[in-house]
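Using the hints, put the two chains back together into the complex; each one sits in its own frame.
Listed below, chain by chain, are the residues.
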Amino acid sequence: MIRVADLSVVLDGRRVLDRVSLDLVPGQVTGLVGESGSGKSMTALAVMGLLPQRARASGQVALDGRNLLALPERELCRIRGARIGMIFQEPMTALNPLMTIGDQVAEVLRLHQGLNRRAALGQARERLDRVGLPAPRFPLSLYPHELSGGQRQRVAIALAIALRPDLLIADEPTTALDVTTQARILDLLKDLVRDEGMALLLITHDLAVVAGMADRVAVMQNGRIAEEGPTGSLFRGPRHPYTRQLLDASRPAPARPASDFPTPLVQVEGAVRDYRTADGGLRALDGISMTIGRGESVGLVGESGCGKSTLARAILGLEPLQAGRITLDGQVVDAGRLMPRGLRARMQVVFQDPFGSFDPRWRVDRLLAEPFHLTGRPPDWRKRVAEALAEVGLQPTDARKFIHQFSGGQRQRLAIARALIIRPALIVLDEAVSALDVRVRAQVLDLLARLQRDHGLSYLFISHDLSVVRGITDRVLVMQAGRVVEEGPTQQILDAPRNDHSRSLVAAIPAIPIDWS
Amino acid sequence: MRIGLILGCALAGLALLAALVSSFWTPHDVTRLDIAQKLMPPSGVHWFGTDQLGRDILSMAMLGAQTSLAVALVAVAVGMAAGVPLGLLAAARRGGWVDEIVMRGNDLIFAFPSLVIAILMTAVLGPSATNAMIAIGIFNIPVFARVTRGAALPIWVLDYIRAARVAGKGAVLISVQHVLPNIASLLIVQATIQFSLAILAEAGLSYVGLGAQPPTPSWGRMLAEAQTMVSLAPHAAIIPGLCIVLTVLGLNLLGDGLRDRLDPRLRVLR
Chain X
109 MIRVADLSVV
119 LDGRRVLDRV
129 SLDLVPGQVT
139 GLVGESGSGK
149 SMTALAVMGL
159 LPQRARASGQ
169 VALDGRNLLA
179 LPERELCRIR
189 GARIGMIFQE
199 PMTALNPLMT
209 IGDQVAEVLR
219 LHQGLNRRAA
229 LGQARERLDR
239 VGLPAPRFPL
249 SLYPHELSGG
259 QRQRVAIALA
269 IALRPDLLIA
279 DEPTTALDVT
289 TQARILDLLK
299 DLVRDEGMAL
309 LLITHDLAVV
319 AGMADRVAVM
329 QNGRIAEEGP
339 TGSLFRGPRH
349 PYTRQLLDAS
359 RPAPARPASD
369 FPTPLVQVEG
379 AVRDYRTADG
389 GLRALDGISM
399 TIGRGESVGL
409 VGESGCGKST
419 LARAILGLEP
429 LQAGRITLDG
439 QVVDAGRLMP
449 RGLRARMQVV
459 FQDPFGSFDP
469 RWRVDRLLAE
479 PFHLTGRPPD
489 WRKRVAEALA
499 EVGLQPTDAR
509 KFIHQFSGGQ
519 RQRLAIARAL
529 IIRPALIVLD
539 EAVSALDVRV
549 RAQVLDLLAR
559 LQRDHGLSYL
569 FISHDLSVVR
579 GITDRVLVMQ
589 AGRVVEEGPT
599 QQILDAPRND
609 HSRSLVAAIP
619 AIPIDWS
Chain B
88 MRIGLILGCA
98 LAGLALLAAL
108 VSSFWTPHDV
118 TRLDIAQKLM
128 PPSGVHWFGT
138 DQLGRDILSM
148 AMLGAQTSLA
158 VALVAVAVGM
168 AAGVPLGLLA
178 AARRGGWVDE
188 IVMRGNDLIF
198 AFPSLVIAIL
208 MTAVLGPSAT
218 NAMIAIGIFN
228 IPVFARVTRG
238 AALPIWVLDY
248 IRAARVAGKG
258 AVLISVQHVL
268 PNIASLLIVQ
278 ATIQFSLAIL
288 AEAGLSYVGL
298 GAQPPTPSWG
308 RMLAEAQTMV
318 SLAPHAAIIP
328 GLCIVLTVLG
338 LNLLGDGLRD
348 RLDPRLRVLR
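Protein chains in written order, with our numbering: chain X, 109 to 625; chain B, 88 to 357.
Simulated from the structure, these hints should not be mistaken for lab results.
Hints are supplied without guarantee of correctness; some may be wrong.
Some chain B residues well away from chain X (every beta-carbon gap over 10 Å; in silico) [claimed, not checked]:
1. T113
2. D246
3. G255
4. H265
Label-pair distances were calculated between CB atoms; the ranges are [claimed, not checked]:
5. I275/B to R352/X: 46 to 54 Å
6. V259/B to G450/X: 50 to 58 Å
7. R352/X to L240/B: 42 to 50 Å
8. G237/B to E304/X: 24 to 32 Å
Every residue, glycine too, gets a C-beta built ideally from N, C-alpha and C.
Chain B extracted, bound-state conformation (with noise of 0.2 Å):
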């Protein structure tokens, strides 16, 4: 369980860390294009080899990192901002009509395939990083409003909740006052497994090159281009997929770890 979750840290930090540095300095300069240098393997100068327009393949992946967190993100942000206070909404007014109102358009949103719909939607709207991020976004509302629906009914029946009426408050100050912080834990755990379907979410949209366009780099992107040379130049998939898995394994090690830490029913015991 501790391995888990240390492993989850060390890995989805690794990813963070190398977003933020590319922010201001990579290896190589990846809009220097170098024909001559192309599909290099892995070699002191560029570590892990170059691409078919001789970019420094380390360098995109760093780029490419940045840009699956920052559209993972605020993905999950926007799924957070809108899911959380509509569960909310729904436990507080459980079974009358605003509750039947919200679970059913979640279900409209969940019967609809989301990758298929947020291809659409950036078709529709251009594809762009920032069309991603709405797309998946909006995806990721219905899940955040169960989750905090599900995990807030039960402290609704709770005897605090009762006295915390008896003191006078309304539904608006007790979920915030005692329901959120309650579940806050839930959405914690909830929030980094969001985040890591988010950064597949990204890439294969990015994958279809309906994510972040070209010059910005993409791990999605990286492995549509590679793949048609993949016998010749293997490394240049290899490395943007194991970027996706490895970032996506550590942050579901995350969540899990999180979730053995921060569920109370296990804090009881310790």
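Just chain X, with the same shape it has in the complex (with noise of 0.2 Å):
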């Protein structure tokens, strides 16, 4: 067992952690919930001695009775891995792109416990078979590049359990995944801990995934642990405040009540985009045909890859159709250079990436008028700039302020804004709240509602999450490779799907149960 003990971090003398505690017991799952910043991942690096060289650490991590933090890092070397195994959020980038998935598990094996090649290579395939990456299917020779994320995730916990260590800690580990394949890997690390007897701290911002995974679950702020408990009783009755706002936001939102939307604004009909890729071409939308009614809120769901993107490119006019046709209010939105402007003008979008999406060399004025461009910017443009600033509840002193300054939340109100200037009729939201925090992505989706009252905009919301649309969309569409499966009103899709695919989809969506609230 490792025991955690009144363990402080001082990094550039800011105290990131202050005086965490945490028991992990062999054969438990402990959850550690908590928004971006509050030091999850802080401990979970402490845990492994992987503090950046300026961190100054103080308290215990015991381990057989030896306190880590004193151990130099020879010693360490020989615990990290074998003892305690690491699983990191971002799949694509945790294993060497130039070494066989075989060779990768097999390394950690011929480091720790001195093994031949072929004795590595031998056990590395059980690990492989025991994550769920079979022999015939998966054999050793097979590169990163050649798996998907979830796969690829698959490969990584196998590396982390390689030498059975005895705790495994996993931070965000299905952030960056499909809810499905969330679903498949929250699983596995289930059974490992079962079969196996290791302890499991699970890092994550998503309660709802701890509700279904973990036996305590610990919430953290600012570097502390505000509370910490088993998880039904945590969940049934939060004592700190702090709890109690993060199982709020966690909550369903209430479905909307049914409306009828006569007006179409966007038709797409019969809508083919294919990719020329390496090993022949892919087709990325299959002949979609769907509307979006004036002052509607439509939901796109579906799993990565499934096109969901492509098609919100395509109705900006930003992809070019092989086939089939988009026309808003009637006029053809056609990619390229003939589009007009004042069609362009009525639509605009927000997207996932609150650090991508904006240059990070214009100040936020220059950003949020950049709009202006197809309609001619206003003589009154400062003042419309720090109007888009105040509906989104931002200052209009921001105005002069530079990308960097503001937090991940505050830039996705910040896109709002921008999208928001020029009064377009439709926005398109490509996984704009995905990035977030509960609270934060609470507070996101009732501005666009707010938002979307007030200047009866019609929006076109992608997610691979159907939880988060039941709040925000009257109708939602289900996509797999590159067609609509499933169409319908969001309360109905998401309390009985019809098609099998959309029902796997809505299983797969971790909840907190009914019962604990």
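Spelled out as structure tokens, the structure:
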């Protein structure tokens, strides 16, 4: 068992961890929940002995009665990997792209156990079988790029458990994955804990994930553990106000009342988009037809690679079609220079990544005013920028700041302000809240709902997560492999999906049990 | 890191200062020959000594700095003026036939050994400082085109470029307003390094007599003229040699230092 006692870390004169205590018990899952910057990852790094050089740690991380914080680097190297394994959020960068998956798993075994290559590869095979990459389909000679994100995460897990460690630390292991993939990876982790008797420290911002996984939960805020306890009782009776806020934000929003949107704004008819790839072609859109009514909010849901972002780009006129057509208010949307400005000005977009959506060298006022390129910059544009800032809950003085001075949630508000400034009829929201913490996500969703009421906007809301679209959309389209497999009112799709694929999507949504609230 | 940058600034600044001062004042008149005073070692009158025609080497070296820097400046300017727009264009039309033509054209120029072609060109067009500038400049074009394209490609897939497209901006406007400012630091660093390479190239060309023509002094020709007398008067060869080495070293240090200062990936950490 690993016991963390009164762990404090000071980094550049700032106390980033404050007397953190955790017991990581074999065969148990401990959930560590908190928002970005709360110190969850720092705790994991401290346990692994991977703190940045400048950090000063005090307290204890005790393994077999030895304090890991006091061990020299040489000894830590023997413990890392062998006694404590770790998996990270980003499966795309966690593996060496130039090594086969077999060699990567075998390397750990050869390094720590001194096995020869043949024996190590034999064990690697067994470990890869264990994480759900069985022999005939997944030979050891595969390279990471030949695997999907979920499969790569399985390889990363195989690496972490290769030496049967006492403790496995999983830092947001499923945040970069689709909901269905997430569900399968979480199942695998749960099995491993039960079969191998490991302790699992599961770090996540998502309370619903923890609800289904953890035996005990610790809620972190500002480097401290705000509350800790058995999962069920903590969810049923949160004592700390912060835990209550997190729980409120995690609860699914009520579905909207059914209403009718008779005038169509966007019409997509038989849209086809092919990509040429190295091994033949990929049909990203396979004859899709859909409409978005004026004032309607439509959800577009599906796993990554199903074509939802391609469809969004096509509607925005950024992606040429091979067949079919898209109209906005009866005017044809056509990618390329021919698209009239007046038509383009009727739609705007908010992207997922709050960090990549803004030119880092521009100030906020110039960034927000960029869409005026379509309409001509009005003489009172500074006033309009200030109004847009106020509308999304920011200060007029923020106009002179650079984008790096804002948090992720604030940046997403700025992105919405930029989309609003020329009063479009349609805003495409491409995973617009997926990168945000639960509380910030709830606030941004509220903001979007209010703006829609005030301005009569139409939304196309794209997400891989059905639970997010519940409160914000009137109708949902479920996409798979370039086609719409099911379409209907949001409530109906979420509560009674008819198509197999939609059903598996709904089933994969991690949920806090209803009787816990 | 900081020391490199300071030393680089100092050395490059010294060369620049020498070049600027020499345009209105030199310790001695270099057009006046004084055979009686030839090959004098360094002294109080001639700090760096005199050459085989009795000219003051310090004055020659200062004027040589002017020639070197002027040729290098124009050559880099030519390379950037043509290379950067080409690179931006190729990045904007990535994967298309325009991109293909630009990049294969680059490959074509890269395939020739640059100094040999520069020699050929100055031999055909006649040796002069202007022709040296043009020849070196042409070989700077593909360098800048490639660096620009390479730096611009990852910018083009960012969401803020998509947002700009949704705002109706075309490739030219996006390239100028978004892409160029975000790769400018990289281009500045590259320009410093190309500048030092251009000084080397100019020295090489004038060494074989294809650079600036007499009586305009240049470091390369000073070196060539002094080499036969290197055992008699080593200072006559050492001084222009040191000028070249220190200037090129300074510019390289400056380039490295600037890279560390300006690299956006490092700036995030600050």
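Going through the hints against the structure:
no. : hint                         : result
1   : T113                         : holds (44 Å)
2   : D246                         : violated (4 Å)
3   : G255                         : violated (4 Å)
4   : H265                         : violated (5 Å)
5   : I275/B to R352/X: 46 to 54 Å : holds (53 Å)
6   : V259/B to G450/X: 50 to 58 Å : violated (21 Å)
7   : R352/X to L240/B: 42 to 50 Å : holds (48 Å)
8   : G237/B to E304/X: 24 to 32 Å : violated (46 Å)
Consistency with the previously given hints fails for numbers 2, 3, 4, 6 and 8, ordered from lowest to highest.
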